[in-house]
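Visitor: Starting from the structure of chain A, add chain B where the hints point.
2 protein chains.
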Amino acid sequence: METTLTLTGANLIAGKPSSQGQGSVQGVDPRNGTRLEPTYSEATAAEVRAAVAQASQAFRANRNRSPEEWATLLETIATEIESLGDTLVERVMAETGLPEGRVRGERGRTMGQLRLFASVVRTGDWVDARIETALPDRAPIPRPDIRSMLRPTGPVAVFGASNFPLAFSVAGGDTASALAAGCPVVCKAHPAHPGTSELVATAINRAVETGGFHPGTFSLVHGGGAEVGMALVRDSGITAVGFTGSLGAGRAIYDAAAARPIPIPVYAEMGSVNPVFVLPNALATRAEAIGKGLVGSVTLGSGQFCTNPGLVFAVDGPGLNEFAAALEEAVAACPVQQMLHKGIADGYDEGVANALATEGVTTLAAGVTAGGDGASSGAVAVPRVLQTDAGVFRKQPGLNQEIFGPATLLVVCRDVEEMTELAAGLEGSLTGTVHFDAGDLDAASSLFDAVEGVVGRVISNGFPTGVEVCHAMHHGGPYPSTTAPSTTSVGTRAILRFARPVCYQDHPSELLPSALRDENPLGILRMVDGSLTRDALS
Amino acid sequence: METTLTLTGANLIAGKPSSQGQGSVQGVDPRNGTRLEPTYSEATAAEVRAAVAQASQAFRANRNRSPEEWATLLETIATEIESLGDTLVERVMAETGLPEGRVRGERGRTMGQLRLFASVVRTGDWVDARIETALPDRAPIPRPDIRSMLRPTGPVAVFGASNFPLAFSVAGGDTASALAAGCPVVCKAHPAHPGTSELVATAINRAVETGGFHPGTFSLVHGGGAEVGMALVRDSGITAVGFTGSLGAGRAIYDAAAARPIPIPVYAEMGSVNPVFVLPNALATRAEAIGKGLVGSVTLGSGQFCTNPGLVFAVDGPGLNEFAAALEEAVAACPVQQMLHKGIADGYDEGVANALATEGVTTLAAGVTAGGDGASSGAVAVPRVLQTDAGVFRKQPGLNQEIFGPATLLVVCRDVEEMTELAAGLEGSLTGTVHFDAGDLDAASSLFDAVEGVVGRVISNGFPTGVEVCHAMHHGGPYPSTTAPSTTSVGTRAILRFARPVCYQDHPSELLPSALRDENPLGILRMVDGSLTRDALS
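Quick mapping for you: the protein sequence lines, in order, are chains A and B. First residue of the first sequence? That's 68 in this note's numbering, and the numbers climb one at a time after it. First residue of the second sequence? That's 68 in this note's numbering, and the numbers climb one at a time after it.
Keep in mind the hints are simulated off the structure, nothing from the lab. Nothing here was measured: the structure is a model prediction, and the numbers come from that model. Please note: incorrect hints may appear among the correct ones.
Remember, identical chains collapse to one label, so a pair may be satisfied in a single copy or spanning two.
[To be verified] Here are the simulated SDA-like cross-link-like pairs (lysine to any residue), alpha carbons at most 25 Å apart as the crow flies:
(1) Lys83 - Asn348
(2) Lys462 - Arg116
(3) Lys359 - Gly506
(4) Lys359 - Ala201
(5) Lys359 - Ser86
(6) Lys409 - Leu367
(7) Lys359 - Ser581
(8) Lys409 - Ser443
(9) Lys359 - Asp573
(10) Lys409 - Arg273
(11) Lys462 - Leu592
Here chain A stands alone, though its shape is the one from the complex:
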């Protein structure tokens, strides 16, 4: 069943359209430069305040909702998104230039995430329930009854990302994990896909209504510049921020949150260079396959993934020429890439130009430079492999910076020691990849240690693009890849960002959250007097 929807161009405050501000945000089809109707009204300061106030009310009103109700809410959101059908798919394609297959795939991932978090909430173990029973006869002082568990922090601000209009936007991983924790969400739509954002917000609002949740459980606000987002981050009712985007914007949000009278955590995932290391034996035996696979990873999604491999380290020796030749051949065959919008395409060109302006950096290979459906709008990029050596790289910290788009820089090292030294000195990344064969293992050990020190996920003989959504995934890493390396924005640990322990000492049983009651009505795993058990207290 598909729903027909007329886009309103309004903010959606607690489910109600609101357009007090001037209209100034508008989607643009990057495939042809066409401006897309409607024009979206930027949220005013009063609208932002109203959205947060509604979220605070919702937080109190939703307080005693059961895990089952929250799980059902998440599942209903998934179903409602599906019900948007081709209306949603077409709007995403128009606002982002992403091909249909990718959009349908990302929609599936978004629904999968919502359902995965529903299962986490329903299982219930995530609350880390702990009980120490009373010891009234202990000397010199009795031990009281002490119970604690994770509880939601309160309203969360979520920023939609440009590169994942569904999976990291309005109903993406941040929203899913915040709702799963029991936190209301005020989402700032990404200005590049306001129509997509409105469609998904209506799906969430329907699910909120169906579940009987307070309407302030979800609001959507629009804004073209930094102002609306900053007003949201600075609002005293917001308790945490989820963000995926650029280092500049992420750091600005982090700084604003840290400067508040009451500082709050910012979970900003800001992309990274995702270094790849090719060890000598792997290079000697598999140069062509690694080179080809690498170009596939660099150009996947036009290189617009946070895990795009932007640096490749290889040791000079057998296989290096074949590796370079494979990169050249694969890149040369790549057509012009459609980018999400002209701003990203321009930023990519600038990043490539800056790297090439560095003495000792050259172009090893470039893709086809002409054609492309989106050429008329300027939102296109030419894939490139640049090349330099370890000496140049060591002296030029600028080469350690992400170029968002389909480019990578090959850094030729003298030996594995030099490669390991460079690895240890890299800025933080979401991922680090090592290609090795059995004969490389001794050398790989210290390289793996160095790589682990600067990344959140270590990949063996693979490529970093493609982030599995599962319990064990970690999508986070040392700064500047994120502002909070001990948290993840993908995988079920993401729920932990929006909770805090609360401890109840000698609390009356009838007022305890069900997770902590003697009879363990939810059947969750609990630590009772130091031992893990699903049993009721005897």
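Guide: Using the frame of chain A, we list chain B on its own:
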């Protein structure tokens, strides 16, 4: 067996005495104002850098130490502290004025914490190991093998607290939990008890040596002002900060850490007002007992606990006069209180004077104002109960601020609704306490909700002082009681502050941490394909 030790007055950098700076930190016996030998050399910038550089080396060198080795290290530290015997007890008493029983009790608690964290490390479940096995035949794309677990973040800076010279200082909860996570520690000694700090540091250094750990695993630096601590926080090798102390110092450290090129988390526990709410039925039936117990909690340890109850809300009605009379009687019997040092005593007097300068705030009762062993040094305080009403309290945000010492402010409310409204508007606290009887339960429900919103631990019919060290304890709360309400500084969850998830994708088995190997050699609880199990992978 007891150890004789000559205090050196030096910093201890990776186990070696170092005194490059000027001597300027000296303990003072607050009982008589005597300056205590030796004078301690303030760490220079170079010494701070050296300590952190050694910690970074230790972090790499200790990387493959087993959980058993870390557990033994923690236990050996406990034993070495015990071996310091009366030398330590006497030095603590001289530097802090704390009575012998309290010092011995705190020493026991410190050793207990170290042993509790040893048990957590040995059990090993805390690393949150998760495995998703490979699905090579999955369509459209295979699933790789994905494993993740918590790993130590790196060198941690720990600030010793004035009010717990053992349990929250050199080998206190922050150090114990950081080492338990596998992180080296650089500790900034509190300038009020440098000799105590040196003694405990030598105990840690001996344990580090006995265990064969890298000497940079622990260093101690001294500093009288903010400079040494700030240099430590700003050092690029430090990955997290543990702090217990004042709001001013904690916020300054938080701000400095947030302003770093690479920001790091600051786990600052900054004390709080710890409100107590007395509901009408409890007041009518138990006014005297609650009043007496409250004064005991307010004056415990001369009121120098983070959980000292600084605000008491009671409803005007039956029992209020008896409650006030009980407070008066109990306080009037209190002798002059020995404080940790003159600065704290002066700050206390200033806080009391500021509160009393507020129109509508009066003194309900004061303790004995003359005598006291420490009177000659000025490091004494007179216990006080101040009084006001809800109307005054609502208009004077200053009354919401902690007065560190043996004082509390009774706020008389019209009814439970007014009390609940005030509760919801309070600043964040570590604890909130509710006294109620069966007849209060209906009214207590919304009050409990309001209290939970602003505290980390809710206590029923008890008092907030006395923080049980156990798995379920949470000693943290919304700002300004801490800078990180989702973490705790007491209880075994404290270890989580110093770890981050690391994910291994298709990692070679022989290079995996033992916690993630197929055979589960540590026998820990792991989430395998979504289910918790201690089984090996089949």
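Visitor: Take the hints in turn and mark each one as holding or not.
Guide: Hint check:
1. Lys83 - Asn348: neither (62 Å within a copy, 44 Å between copies)
2. Lys462 - Arg116: between (48 Å within a copy, 23 Å between copies)
3. Lys359 - Gly506: within (22 Å within a copy, 75 Å between copies)
4. Lys359 - Ala201: between (63 Å within a copy, 23 Å between copies)
5. Lys359 - Ser86: For Lys359 and Ser86, neither the intra-copy (50 Å) nor the inter-copy (58 Å) Cα distance is at most 25 Å.
6. Lys409 - Leu367: within (18 Å within a copy, 66 Å between copies)
7. Lys359 - Ser581: neither (54 Å within a copy, 34 Å between copies)
8. Lys409 - Ser443: within (11 Å within a copy, 75 Å between copies)
9. Lys359 - Asp573: Classified as between: cross-chain Cα gap 20 Å, same-chain 63 Å, threshold 25 Å.
10. Lys409 - Arg273: neither (34 Å within a copy, 62 Å between copies)
11. Lys462 - Leu592: neither (52 Å within a copy, 46 Å between copies)
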